[in-house]
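Chains A and B, in that order, are what the protein sequence lines are. Each step along the first sequence adds one to the number in our numbering, with nothing skipped, and position 369 is 360. Each step along the second sequence adds one to the number in our numbering, with nothing skipped, and position 155 is 146.
FYI, nobody ran anything at the bench for these hints, they're computed from the structure. Only a predicted model underlies this, so the values are computations on that prediction, with no experimental measurement involved. By construction, the Cβ of each residue, glycine as well, lies at the ideal position given by its N, Cα and C atoms. Please note that the accuracy of each hint is not assured.
Unchecked claim - Among chain B residues calculated to face chain A with C-beta under 10 Å, some are: (1) 90; (2) 91; (3) 244; (4) 295; (5) 296.
What the hints assert, rightly or not - Over the 10 Å line for every Cβ pair with chain B, so calculated as not near, a few chain A residues: (6) 4; (7) 11; (8) 195; (9) 366; (10) 368.
Okay, here's what each chain looks like letter by letter:
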Amino acid sequence: MPIGWNDYDPSDFFDEVMEKKGTPRKASGELFEHLRKLSSRDIYTRKKTAEAAIIELGITFTVYGEGTNIDRAMPFDIIPRVMCGDEWKKISDGLAQRLKALNMFINDLYNSQEALKAGVVPEDVITTSRNFRRECIGMTPAHGAWANICGSDLVRDQHGTMYVLEDNLRVPSGVSYMLENRKITKRVFPELFKDINIIPVDDYPSKLFDMLTSIAPAGVTSPEIVVLTPGIFNSAYFEHAFLAQQMGAELVEGTDLHVSDDNRVYMKTIEGLAPVDVIYRRIDDDFIDPEVFRSDSILGVPGLMRAWRAGNVAIANAPGTGVADDKVVYAYVPDMIRFFLGEEPLIPNVETFLCRREDHMKYVLEHLPELVVKPANESGGYGMLVGPHSTKEQIETFRGLIQQNPRNYIAQPTLNLSVTPTLTEDGIDGRHIDLRPFILQGAGTYVTAGGLTRVALKKGSLVVNSSQGGGSKDTWVIEEEA
Amino acid sequence: MLSKVANRVYWLGRYMERTENTAKLVNVYTGLLLDMPKGTDVGWHSLLKITGSEEDFSGLYDEASEQNVTSFLLTDQRNSGSMLCSLSYARENARTSRDILPREAWEAVNEIYILAKTDKDTILSRSGRYQLLTRVIQGGQRLEGILAGGLSRNHTHTFLHLGRLLERADTTSRIMDAGALLLSESSLKKMRSLEGIVWMNLLKTLSAYQMYRQAVKRQIVGTEVIRFLLKDTKFPRSVAFCAEAAAVFASRLPNSGAVKEKTSLLLQRLKDFSPDNAGEMEIHKFMDEIQLAVYDIDSAVSATWFNSELAG
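Start from the sequences and build out the full structure, keeping to the hints where you can.
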């Protein structure tokens, strides 16, 4: 018995795979035809295959409780999300454009501040940003690139328009799941990879390696690269270990590194201290150097900023990059693109209200039950208000929070996120998704083919975070025949 | 190789060896007690002496009964030296070294841990205990096989074995100490007549019985057992074998001077010592010396490779 493709109805949402009931989109044709032929029993067998592969490959994220750690298998849906190559090309160009402008903006901010003088971004937004680091003033990292790794979240509305929801410029994670999802899907649907021209994604670690090599201090041609992790208790430790292993780099913790009086970074090896040239850090600014930032941090390396400022070590992402991760700054990215590049943005922002502006604040306070309110500098979905899914009490709490600190809040309309067919206990059903592509910028720019599709596994839910019951899917960008 | 990674792998070796040794010790000791006639005062408290954990034990339990002692040594999480604790440390070290070990190695350690944790209550009965411990020992041997066949002879391999060898030398000396102790403690003449049985069981604890027979070709007497377990350089659990092998492994590593020096000191002491005419107290004293010498080697290993800030 087939699993109900004929009944699958995306209703009013934009569906990534189906044009309308019974009709797949152009890029999804082969996938649809193939899946339609599978019996319900067959498809659940494939689901089991995937689950076994996840355990076998050890694809986990870490959940902690009662002093013992539990590696939990990543929830994964076997039905891929599909995009066509032409569409992806535009998005990919738009993402590269965006990161380029963001990097020019950050570099400008720590140097001549032309953008502030020209009023592209209001000065007080920067002076009140807790991620603006005065310690970085005067610095220009290699190629002017501060954010070397960026994970921007994309969402699609009911009309099919793709928007940037936010830019993650600090320590964006998820790329290892993008790679592992592809590995699993290859095991689950090997026959599909024969017939469909799916752009591979597994060159990411080598692109990352090349990018990190390209930002090494002057004169260093084959740099010693390390991945700096907060340690095994971090929920993204799996990813840190994965990337280090894939790049053949050492996975280090703060205590494995040492900055000498000569302002150079060394790692502690069994042969003594060995010099380090490039650090891919997965620790926030606040914790990287107790000499400069939080003095109580034990995760970081005392003196790291000295070494960086002296040009003896490259840090990706560069310290101070987080200033552009601010959701208030996000609102100005389209203007940055116009100012620095003289181009129109290729991917629009989601309409954003800034509570620091009186007119916006008035609107926000009047429309709280319809809006999503976000604090400027949180990540991982913390401290948010989703108006339509909130109680009166929660809304009143946020009214107070916003009035107390308008600078810290933005609001956006609640989007009708696109859906995609997802295997549930009762067959195929639509679930909301977003997409996190990864963009690299060093000497050159690189955008992953697709990215990590996160899916809200609960019916009707808009929450895609894995910590809150979200899962992920393989993401296919399909190259059409010329 | 990062010092921290080397340290983790070294301790993975030590904890796995400790797990196996504890399991063997309790297994064979249970057998030994079955052989002891009523009236000898060989009891479960002796096992605490062998493992040097009398004090920790008395802080937690009133009476050295079979139940209490075996729980304490095998599954009590409050005892950081218990088999289950050693195993959980080994598992943690294997988990965080997954990227440099053959994948099956992590799976093997994890499997033994899950087995021991899930079935830990079966140790309350003698037959259940025997089965569980046998499976733990087999699991450890499976890990050895995986590593022997699947791990490159690189620094990871070297540190794993250094850890194993030092732990093994330490255990072997403690087991000999136990033999001497058992015999010296007993006030009964009867006990003397059981000397052969005691030593035979201790040889079995170290899986050394057959090899002893082949190498010594004599009846089992204390001095010969001690000579064999101390000095036989062909038997892989003898102190001399472990020390020599440790020196060879150490010499593959950079800056191994201090470690090799401490190892030669131990080898020299072994050469100079003769068990002939040595009384129980002398044997006991000498085993203490060996344990201290092993401790010195361990300290040199730590200082040389795990705190390399100094080396730079």
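**Message:** Interface hint check: residue 244 of chain B, Cβ to nearest Cβ on chain A, cutoff 10 Å. Holds or violated?
**Reply:** holds (6 Å)
**Asked** Are all beta-carbon distances from residue 11 of chain A to chain B longer than 10 Å?
**Response** Its Cβ never comes within 10 Å of chain B, the nearest being 46 Å, so this holds.
**Prompt:** Hey, does the residue 295 of chain B contact hint survive, CB to chain A under 10 Å?
**Reply:** Since the shortest Cβ distance to chain A is 8 Å, the answer is holds.
**Message:** If I take the minimum Cβ distance from residue 368 of chain A to any residue of chain B, is it greater than 10 Å?
**Reply:** Non-interface label on residue 368 of chain A holds, nearest chain B Cβ at 31 Å vs cutoff 10 Å.
**Asked** Going by Cβ atoms, does residue 195 of chain A stay more than 10 Å from chain B at every point?
**Response** About 18 Å separates residue 195 of chain A from the closest Cβ of chain B, which puts it past 10 Å; holds.
**Asked** Once the closest CB in chain B is found, is it more than 10 Å from residue 366 of chain A?
**Response** The claim stands: residue 366 of chain A keeps its Cβ more than 10 Å from every Cβ of chain B (closest is about 34 Å).
**Request:** Identify whether the interface hint at residue 91 of chain B stands, where standing means a beta carbon of chain A within less than 10 Å of its own.
**Result:** holds (9 Å)
**Item:** Restraint check, 10 Å cut-off on beta carbons, for residue 296 of chain B near chain A
**Value:** holds (4 Å)
**Message:** Minimum C-beta separation from residue 4 of chain A to chain B exceeding 10 Å: can you confirm that?
**Reply:** holds (41 Å)
**Given hint residue 90 of chain B near chain A, where the shortest CB pair must fall under 10 Å** = Hint on residue 90 of chain B: holds, closest Cβ of chain A at ~4 Å, below 10 Å.
Checked against the numbered hints above, the structure breaks none of them.
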